[in-house]
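Working from the sequences, and respecting the hints, build out all of it.
Keeping their order, the protein sequence lines are chains A and B. Counting from 1, position 529 in the first sequence corresponds to residue 529 in the numbering used here; the numbering is continuous, with no gaps. To get the numbering used here, take the position in the second sequence, counting from 1, and add 578.
In case anyone wonders, no lab produced these hints; they're calculated from the structure. Possibly wrong hints are sitting among the right ones.
Taking lysine-lysine pairs in the DSS-like style, the calculated list, with each CA pair at most 27 Å apart, reads [said to hold, decoys possible]:
(1) A/Lys535 with B/Lys1123
(2) B/Lys967 with A/Lys381
(3) B/Lys690 with A/Lys555
(4) B/Lys617 with A/Lys545
(5) B/Lys955 with A/Lys389
(6) A/Lys555 with B/Lys688
(7) B/Lys965 with A/Lys387
Sample of chain A residues lacking proximity to chain B, with all beta carbon distances greater than 12 Å (derived) [claimed, not checked]:
(8) Gly151
(9) Gly208
(10) Ile302
(11) Asn372
(12) Asp375
(13) Thr445
(14) Pro499
(15) Asp566
(16) Arg574
All residues carry an ideal CB built from backbone N, CA and C; glycine is no exception.
2 protein chains.
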Amino acid sequence: MPKRILRVNMNNLEAKFEDFPADFAALGGRALTSTIVEKEVDPLCHPLGANNKLVIAPGLVTGTLAPSSGRLSVGCKSPLTGGIKEANAGTPFSQQLAKMRIAAIILEGKHKGSEYYTLKVTMDKAEFTSADKWVGKGLYDTYQSLFKEYGDKVGICGVGIAAELLGASSGICFNDPEGLPSRYAGRGGVGAVMASKGLKFIVVDDTGAPGVEILNEEAFKEGAQKLRKALTTHDVTKPGGALNSYGTSVLVNIINEAGGLPQRNFSAGQDDRSEKVSGEVKAEIIKERGGKRPHACNPGCIIQCSEVWCKPGGKDPVGVLEYESVWALGPNCGIYDLDDVGELNRACNDLGLDTIEAGGMMGVAMEGGLANFGDGKKALKLLDEVKNKTPLGRILANGTAFTAQAMGVTRVPVVKGQSLPAYDPRAIKGIGVTYATTPQGADHTAGYAIATEIMGVGGTADPMDTSKADLSRNLQVATAAIDATGYCLFIAFAVLDIPEGLEGVVDTLNGVLGANLTVADVPGYGQSIIDVERKFNKAAGFTEKDDRLPEFFLKEKLAPHNTVFDVTDEELDRVWGP
Amino acid sequence: MPKRILRVNMNNLEAKFEDFPADFAALGGRALTSTIVEKEVDPLCHPLGANNKLVIAPGLVTGTLAPSSGRLSVGCKSPLTGGIKEANAGTPFSQQLAKMRIAAIILEGKHKGSEYYTLKVTMDKAEFTSADKWVGKGLYDTYQSLFKEYGDKVGICGVGIAAELLGASSGICFNDPEGLPSRYAGRGGVGAVMASKGLKFIVVDDTGAPGVEILNEEAFKEGAQKLRKALTTHDVTKPGGALNSYGTSVLVNIINEAGGLPQRNFSAGQDDRSEKVSGEVKAEIIKERGGKRPHACNPGCIIQCSEVWCKPGGKDPVGVLEYESVWALGPNCGIYDLDDVGELNRACNDLGLDTIEAGGMMGVAMEGGLANFGDGKKALKLLDEVKNKTPLGRILANGTAFTAQAMGVTRVPVVKGQSLPAYDPRAIKGIGVTYATTPQGADHTAGYAIATEIMGVGGTADPMDTSKADLSRNLQVATAAIDATGYCLFIAFAVLDIPEGLEGVVDTLNGVLGANLTVADVPGYGQSIIDVERKFNKAAGFTEKDDRLPEFFLKEKLAPHNTVFDVTDEELDRVWGP
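As structure tokens, this is what we get:
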């Protein structure tokens, strides 16, 4: 059977399978979500109105035996940025969709009433049931109950209380292999878009799924083998390597050492106490407590950077505490206690909040006087405001820029309305170029210059060097391509350094598609995705003035280097040219 | 003595007089504020940061005996729109500044601490005193006390509690001739900009002021005479005419009849109950209660459209209830009780809120479930939230778009972030073209197409005709010029129909400036102001995509005409050309 699109019209609660258009054949993941959003969504529509659409698409090789390929993309017009959005997650859900040969779910329209629905998707149909009993409930309990109701083999995607508030910092939550609501397509308020339409959960049951069609088995196998070899060889990705041993939080000490770990709402770049929330310390604690480390966020991942953080005795498992989350809810709030961070991360997952946006929000909330920096208990109480749907909760659920405006805070670390991740651009310039110029709003994953500037992957670059347009562009283009494949972005560490790894990636694509792509085709493929996204943003009113960091990065010096962000506007504009 | 600029640096609490640049000689009011903002303010600065500036400038003929010329302009980068802002008020304060030959006050920098200051300006100096005792207090009591402290001959400009919250709907309040805090440069959050710098009040004492220099007395007198004749002849502006008898609220019945008076957050264009809040009914009640009607908002106005609304027995005088305020806090909230409207208007004045933005906010707040449409008492309670600086108050003080986002409301009547005034663009297309294309954000005064479309002034035009680019442009250009002169915009009613009146305007300008302008110079002068404003907005990232009405006006039909806003994008873009 050929690939299909599941089109879900919430105006009349109708869901039907459609043929997958032939000219979309080479599109998956981000390439597919961005193409559909650009084709079908009015760039000037209200992002929470009937005319926005939400697209969920697994990558091209997702669902196959290719290593570390369990990613999916979620696309829409973002209520946070006002531009196009692709948010990405690693979850078994992606593989189930792919095996069912569902290339994309397109969610459109808007249910008129105030009811919420669950959409259950099986091989031959998609049906709605009421989800009202879950409204106002936390996702940890809810996902447990959903697995009880639908069976523990299903995949679940859903939105929490933050999305019920239509908060612009609400993400879409996917289950991890343990069934925990901890794998997020977090950024840009995608959760609010789903909730605005009246849909609370999608449950997929892949019973009877034929699996992903592979047109050239030999090319595929050979490619997967090459990639596997690269991943198991490279220091960053290999078993027992940095990511496998300590997870993404291995970066805490490294970035703090580099003076680029933002502290207390971006008011300093280094604090000795950061070590207390490092990946090394965390791995130790997880071992003591009986959590899991390493752990795969989806079956078939061989990097296995994930984990299950829990309370002592294995209680209240949270899922992974990513570097970004640890930083956002930790040092960025002056919090250096992993138990506080774990509780905050659990609360975010439970409420359906993007941890980066929530941490950015908490930083400005603290600067605005809602809590003292460092007060993890008060921070947790503030998240209760979201749970209780109070006016303050409505402020906080709308993210960093919104909370800053409500509280009169002018140090607002956002680009295109989206909160900055865990690298201060005053200390590491290339990532700042990515923050400024990606169509996504501030997003480290869009062109991870840290790899080269700090980790020496894919070459080396001085973090303080301000000529970073080429580095950022090359990474953004490569990333867009990877986001289309369904491979985890972390394969880039290996394939940037090991040419055979990149060949392997292309071979697996050729295997699935029956194509004859070469490594030389990758940049053009990636650029075409960026072009589509920039076309949408331009039609939504974006200009080069949106490709700038906020004023304070250019005016306030950051300790310990005491530098500002001094990449010129000309250099920023050189990323995408005139 | 020549004209001067008073430059106030809040970084170090330094205020000093500067020479008025020779190349600014022909600039006053909006021409001067927009020119200074464009020259001195980084378009990408944070509007509430140290690098924004607030400019207050009386018009070119303000302070003279020219009739109805007591206006001033307030300019800055707007925290509501993110673009350039000119907000305009009629007040004795403008005349005092002009007589002191202060062409502009430029407020810059930002006081570091949390203290608030009063700046007292006399002929030869400007001094700071603490204003902390007024923080958190309502402006009605405060202005009474200030007049007691500084003498009843001074002029006062100040900001209220909404501005202390840095709310984007806070205005700057000027006293009326009765000393009431009722004359507002209301729009665009200018109050927040003043408060952000640490300044709460400016008190001017014009003792010893030389008055406005008039270089050609003869031309001036002749012009003033011609204009006076036009104003006292035209049906709209003459004594006993429409404005003089009923104030701006004369429009309630007219616009309701036309099907363009937005009801309950722009969900209908007509409601029979609107008559209860009409200008005719209001004038009757004012007479019964012992308020004042007609009344001049500044000495020397011969239109005298203003009034003093009060409670029975003359108690709790509010000042004027303008048409816009009556609509915003009345029909737009489903409220048809003038006492409720009066109380709401008084609360807005007391808090320092722009009534249009506050009414737009209340409309979306009601749609979002914070009160039932029509519940004036609950609306008043909601404004108490601002007074009490609660989280909900912080939401509401930030205006319509902000409140809509917090409450998840998607029918959001704003352009460039600023709330629409009292004319639904689906029923009256030309005013919609102005809302969309003025650099100011939705603003009826920027190009008052209603004059021609509804009142038959300056020609006639079918409200439903969608070819309105020329009408709107011509009016926007003429308005910009008038806003530079210091004449009240309402002189336009007379001078659009009576050529000698317009000649009179130009003659008075020639008188003051010693120039030889002709009527033919007016459009070019107005266009140059718009050009400066559009240059700023472009540098701030605005494009033609910002010159659009929100989606719902294009999709939802408005009763009773059951039409959408169907002016094409091409027609909108034709206003300013490619």
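Hint-by-hint comparison with the structure:
no.	hint	verdict
1	A/Lys535 with B/Lys1123	holds (13 Å)
2	B/Lys967 with A/Lys381	holds (20 Å)
3	B/Lys690 with A/Lys555	holds (16 Å)
4	B/Lys617 with A/Lys545	holds (18 Å)
5	B/Lys955 with A/Lys389	holds (24 Å)
6	A/Lys555 with B/Lys688	holds (14 Å)
7	B/Lys965 with A/Lys387	holds (26 Å)
8	Gly151	holds (33 Å)
9	Gly208	holds (39 Å)
10	Ile302	holds (43 Å)
11	Asn372	holds (17 Å)
12	Asp375	holds (18 Å)
13	Thr445	holds (25 Å)
14	Pro499	holds (41 Å)
15	Asp566	holds (15 Å)
16	Arg574	holds (18 Å)
Violated hints are absent here; each numbered hint is respected by the structure.
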